[in-house]
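Engineer: The listed protein sequences derive, respectively, from chains A and B. Read in this note's numbering, the first sequence has 36 at position 36, and its numbers run on one by one without any break. Read in this note's numbering, the second sequence has 55 at position 55, and its numbers run on one by one without any break.
What the hints contain is simulated information worked out from the structure, not anything from laboratory work. One thing to keep in mind: the hints can contain errors.
Label-pair restraints from in silico Cβ distances [what the hints assert, rightly or not]:
no., chain 1, residue 1, chain 2, residue 2, range
1, B, V42, A, R225, 24 to 34 angstroms
2, B, G14, A, R119, 24 to 34 angstroms
3, A, E178, B, A25, 41 to 51 angstroms
4, A, G102, B, P50, 56 to 66 angstroms
5, B, I13, A, V174, 29 to 39 angstroms
6, A, G102, B, N189, 46 to 56 angstroms
If you're wondering where the values come from, they're calculated on a predicted model, not measured in any experiment. Cβ coordinates follow ideal geometry from the N, Cα and C atoms, glycine included.
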Amino acid sequence: MKSFGAKVVLDGVDLDIPRGDSTVIIGGSGSGKSVLLKHMVGLIAPDAGRVMVDGTELSTLDNRELTRFRSRFGMAFQEGALFDSMTVAQNIEFPLVRLDIGSAAERRERVQECLQMVRLEGAEAKLPSQLSGGMRRRVGFARAIAHRPDVLLFDEPTTGLDPVTKDVIDELIVELKERLGATIVTITHDMESVFRIGDWIGMLYEGKIISWGSPSDFRGTTDPRVGAFLGRKTVAPHASVPSAARTDTA
Amino acid sequence: MAFVPFEGFFREIGRFSQIFWRTLAWTPRRPWDLRELFRQMVRVGVDSLPVVLLTALFTGMVMALQTFTVLSRFGAERYVGSLVSLSMVRELSAVLSGLVIAGRVGSAMGAELGTMRVTEQIDALQVMATDPVHYLVVPRVWALTAMMPLLVLIADGLGIYGGYLVAVVLMGANPVSHMENTFQFMDLNDLSSGLIKAAVFGMLIALIGCQQGLSTRGGAEGVGRSTTRSVVVASVAILISDFFLTKLLF
Numbered sequence: 001m002k003s004f005g006a007k008v009v010l011d012g013v014d015l016d017i018p019r020g021d022s023t024v025i026i027g028g029s030g031s032g033k034s035v036l037l038k039h040m041v042g043l044i045a046p047d048a049g050r051v052m053v054d055g056t057e058l059s060t061l062d063n064r065e066l067t068r069f070r071s072r073f074g075m076a077f078q079e080g081a082l083f084d085s086m087t088v089a090q091n092i093e094f095p096l097v098r099l100d101i102g103s104a105a106e107r108r109e110r111v112q113e114c115l116q117m118v119r120l121e122g123a124e125a126k127l128p129s130q131l132s133g134g135m136r137r138r139v140g141f142a143r144a145i146a147h148r149p150d151v152l153l154f155d156e157p158t159t160g161l162d163p164v165t166k167d168v169i170d171e172l173i174v175e176l177k178e179r180l181g182a183t184i185v186t187i188t189h190d191m192e193s194v195f196r197i198g199d200w201i202g203m204l205y206e207g208k209i210i211s212w213g214s215p216s217d218f219r220g221t222t223d224p225r226v227g228a229f230l231g232r233k234t235v236a237p238h239a240s241v242p243s244a245a246r247t248d249t250a
Numbered sequence: 001m002a003f004v005p006f007e008g009f010f011r012e013i014g015r016f017s018q019i020f021w022r023t024l025a026w027t028p029r030r031p032w033d034l035r036e037l038f039r040q041m042v043r044v045g046v047d048s049l050p051v052v053l054l055t056a057l058f059t060g061m062v063m064a065l066q067t068f069t070v071l072s073r074f075g076a077e078r079y080v081g082s083l084v085s086l087s088m089v090r091e092l093s094a095v096l097s098g099l100v101i102a103g104r105v106g107s108a109m110g111a112e113l114g115t116m117r118v119t120e121q122i123d124a125l126q127v128m129a130t131d132p133v134h135y136l137v138v139p140r141v142w143a144l145t146a147m148m149p150l151l152v153l154i155a156d157g158l159g160i161y162g163g164y165l166v167a168v169v170l171m172g173a174n175p176v177s178h179m180e181n182t183f184q185f186m187d188l189n190d191l192s193s194g195l196i197k198a199a200v201f202g203m204l205i206a207l208i209g210c211q212q213g214l215s216t217r218g219g220a221e222g223v224g225r226s227t228t229r230s231v232v233v234a235s236v237a238i239l240i241s242d243f244f245l246t247k248l249l250f
């Protein structure tokens, strides 16, 4: 459970994130999706309940252990969250420098590779303030994958982007999963993306995961709350899945 | 109900102690970012020089003007030099520079870190295995703690010069006896205690500015609130701690 003041945001979330797959959490604005995502990397601690990653309960780690533990994660934030005072290249290089990965030359090469992946070659020397919202988000994306983490968390990666960039990001997520074998959790309310990138889909509603399954399960769901979100009404059973990461806040 | 105003006071003290200990704990840990430390020293020290100097010069001038008028009533105007120099060195340089720096540097720290908080840059740092206290607070706190005594030392000199200008040039006092009197009653303890105060004020301003910034909530309005609070809390802290430091040091 997690509440801010009197407002209860998460209440009895029970969720297993399968390792090596791409999971998408959907839900309306203000349903607590971002809060849920931040629990997974220990940015927010639950008021009650546990967050387990690979058998480690995050609340048992002290500050230093948690900091080290997070090197396994890469996270792209809603508006990019780029460091204003650094260039694009310095932003992408940041996790490599902090985690002491590679020589200077190798890091430069990695930055180029990441920029290519998000189709932003030539933007190295620009400052975040010189980029459009979509470009900032793509740089944030490049920064999240730079140190090749096992777990990638994406906070609304395509919301508000043009259709072409949206396709690029969606393709990138699928490619990352295949190439890096990373466990990916994306939160979004963009239904087109959901079916393109998700192996598993969960719906967060009033602080709980009310529906979980594969995209085909989801297309045929009977739950009117999911139906309303999908914009239609159909029928199908739920599925259960094996677990690597477990988020269980009660 | 009478307790309510104190609740905020104690909460501030609690938050302050927390960031103080975390800063001390992170200071010896690698990697040390000396470049960032020097960058901050230039930003908070060198760039603050004009405003601090102007404050000190005019304070010295006003002191001389006031004391000359009053002391001449009982023929003691030859003591203007020592009155100005002792007031500046023991008290006024440090406190007035502290208040000006709280307005200039403390507010900037509150606004900068506050903006980083609401745009998720602080979260991004944490996900990239970087503790915000280590990366942002440590260099700012030590930069200001080191630069404040230097600023105050220069302010001492300029305040005394301001007093000289008014007493000798404007009021026609004898320059030789004025200068003699300026240093006649001053000892090293007067100077060093002022500089110790300056270092403490510098540390207070930086810690409070950073703490207010990091605990910012709620968008642009929140950043505005943190900026204001950085200045108000730091100014009050300077005035309160000044009393205790004076009691302790003299």
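Engineer: Now tell me if each hint is right for this structure.
Structural biologist: Against the structure, the hints:
1. B:V42 <-> A:R225: 24 to 34 angstroms: The hint (24 to 34 angstroms, Cβ to Cβ) is violated, given that V42 of chain B and R225 of chain A are roughly 57 angstroms apart.
2. B:G14 <-> A:R119: 24 to 34 angstroms: Violated: the Cβ-Cβ distance is about 48 angstroms, outside 24 to 34 angstroms.
3. A:E178 <-> B:A25: 41 to 51 angstroms: Taking Cβ atoms as reference, E178 of chain A and A25 of chain B lie about 42 angstroms apart, which means the hint holds.
4. A:G102 <-> B:P50: 56 to 66 angstroms: Violated: the Cβ-Cβ distance is about 43 angstroms, outside 56 to 66 angstroms.
5. B:I13 <-> A:V174: 29 to 39 angstroms: Since I13 of chain B and V174 of chain A have Cβ atoms about 52 angstroms apart, the given range 29 to 39 angstroms is violated.
6. A:G102 <-> B:N189: 46 to 56 angstroms: Once the Cβ atoms are compared, 54 angstroms apart, the range 46 to 56 angstroms for N189 of chain B and G102 of chain A holds.
Comparing the model with each earlier hint shows violations of hints 1, 2, 4 and 5; every other hint is respected.
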